[in-house]
Amino acid sequence: MQTDTRAPEKGTATTGTRKQPKSGGVLNVFSHGFLALWAIMIIVPLAWVVMTAFKSDDEIFTDPLGLPSQWHWENFTRAWEKAGIGDYFLNTVLVVGGGVALTMLLGSMAAYVLARYEFRLNKFFYLMFVAGMMFPVFLALVPLYFIVDNLGLLGTHFGLILVYTAYSLPFTVFFLAAFFKTLPHGVAEAAMIDGAGHYRLFFQVMMPMARSGLVSVAIFNIIGQWNQFLLPQVLMPGEGNNLLADGIASVAVSQRYDPDFSGLMASMVIAMIPAFVAYVIFQRQIQAGLTAGAIK
Amino acid sequence: MKQRKGLFITSFLVLPVALYAIMVISPFLQAFYYSMTNWTGTNPNYKFVGLDNFKRLFTNELYSVYLIPALKHNAFLLIAMPVIVIALALFFAFMLNVGGRSRGSRIRGVGGSKFYKIVFFFPQVLSVTVVGVLWGAIFRSDEYGFLNSILALVGIPTKPSGWLSDPDIVLLLVMLVMIWSSVGFYLVYFSAAMSSIPTEIYEASMLDGASRVQTFFKVTLPLLFESVQTAWIYLGIIALDAFALVFVMTPEQGGPNHSSEVLGGVMYHYFSSSKAAVACAVGVVLFFFTLTLVMVSLRATRRERVEY
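Taken in sequence, the protein lines are chains A and B. First residue of the first sequence: 1, per the UniProt record's numbering; consecutive thereafter. First residue of the second sequence: 1, per the UniProt record's numbering; consecutive thereafter.
If you're looking for bench data, these hints aren't it; they were derived computationally from the structure. Among these hints, one or two may not hold up.
Among the chain A residues that face chain B by a calculated CB cut under 10 Å, a handful are [as the list claims (entries may be wrong)]:
no., residue
1, F89
2, A110
3, P136
4, T156
5, F158
6, L162
7, M207
8, M209
9, S267
Note that beta-carbon positions come from the ideal geometry of N, C-alpha and C, so glycine has one too.
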């Protein structure tokens, strides 16, 4: 890795000193080559997973790089039914759907009040939420397990939804508060003069105006919660209770005593499809949203 | 009206704050307390033992065989991983945004920038376990592994002790996967920051005859300093985790023979073997590790902001 990064820099140093307007040629070959290499490093493994998912276990060994001679769709049915990916998938849809909806509702309520109303403790609550972005979830994990257990919510979808929501609040409040601050005050004042109360102002004026920000944060939360591993791994004990990310992990671990390589690859494809589709559709918003959240 | 406003604020804050306090704040605080008890996690009776857990973790051989390698590995990841990711991401971002100058006087990226940005970013939306299983399958030590099957095609036999079963390189492979999945995000992140630098600055440096290397080190890098600093902290936090990848990719989940042990894995080990208090103590060690990282990097990189 390290040698790879240095090579192009050396190349630029020699071309740079020549100070010819066309000296970029050598550099372009280098940088294009390196850019292309990195792209290959991303595309080839993913394409290999998809190809392998359609092959028989025999063919994986005899022809690892070629297209499948026969498309074995039954790998997917096996993964969906026998490996339990179908259940994991539905569990994930349920938890992430509930989690993102609740996160957006509670997050935008808190962010709105913190961004646009002055009151004592405003700064305190804001910092309390934002500080959560800095601490490793690991530290909270063990006590969290027992809190959820004591509430009788261990291994339940509802419990996991509450936990996902709580751990998504820091980023959501941080991003949405910044967004609500940018909305014009004139519209809010006009609505108040027209007799709208605080609640109507929020639900009928501010929420529609904040749509683009809400969409970005919602996409971010969908990706984040969809891919969550640690929390379901610990908080959803028991057979068939897994979500996709930790379900894939347990399918992979079970490979050690019950190998079904093509089935594992088919499970991977099933787990990747929603992320891939969401990414292709919302590519622009995802990139804009993620980076806007990180740039102050 | 004033009262209504107060009621409105309270009604909007009470649920999010309560949920956050119960699920996030209180477990964080409890972890510190439990780390100083002999709580098993299952037995309701426990007592305060002071710093015993910490002493044991560092000095008792049964415990330190986990903790010490984990500390070393996380420290290694913490130093090496962010440097490589930031260097690669900066290089790519520079090429994709201002690297294509030789084709005309306008400042722009090399050809195909958009395509590269979309592809490079994609691993970021994959679940860390999917990434781990994917690379675990590539580096598998038997004949099913992608690398081994390629090597077998050209006639190099597979080694049962190769790749992830090799204690010397297993941690490097985990780091490689971390780099693979995070470069794209920081590329896009730095690109956003680069595009807010006015093009006149680049044009001026070009007129002065600066090469692309000079432009990068004398213009781009200083103006991106704050973004690099933020990236450093976030990558540091990722480097201190690494648990999911180690859990999915490596043999014995941290092996072979503790050669890819990380703090998160040690914590998980104690949590699942009824030593909840020890697990909390590992969490506290991790917390101070993180805190030190944030403090040091903020201190070490403090400097005046360049306004433009």
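Hints and how they fare:
With a cut of 10 Å, the hint placing F89/A at the interface with chain B is violated, because the nearest CB-to-CB distance is about 12 Å. Checking A110/A against chain B: minimum C-beta separation of about 4 Å stays under 10 Å; hint holds. With a least beta-carbon distance of about 6 Å to chain B, the hint placing P136/A at the interface is held under the 10 Å criterion. Restraint check, T156/A versus chain B: the minimum CB separation of about 14 Å is more than 10 Å; hint violated.
Taken as an interface hint, F158/A does not check out: its beta carbon lies about 12 Å from the nearest beta carbon of chain B, beyond 10 Å. Hint status for L162/A: holds, given a least beta-carbon distance of 6 Å to chain B, under 10 Å. Annotation: interface hint on M207/A violated; nearest CB of chain B at approximately 12 Å, more than 10 Å. About 17 Å separates the beta-carbon of M209/A from the nearest beta-carbon of chain B, more than 10 Å, and the hint is not met.
Below 10 Å, beta-carbon pairs count as interface contacts, and S267/A has one with chain B at about 8 Å; its hint therefore holds.
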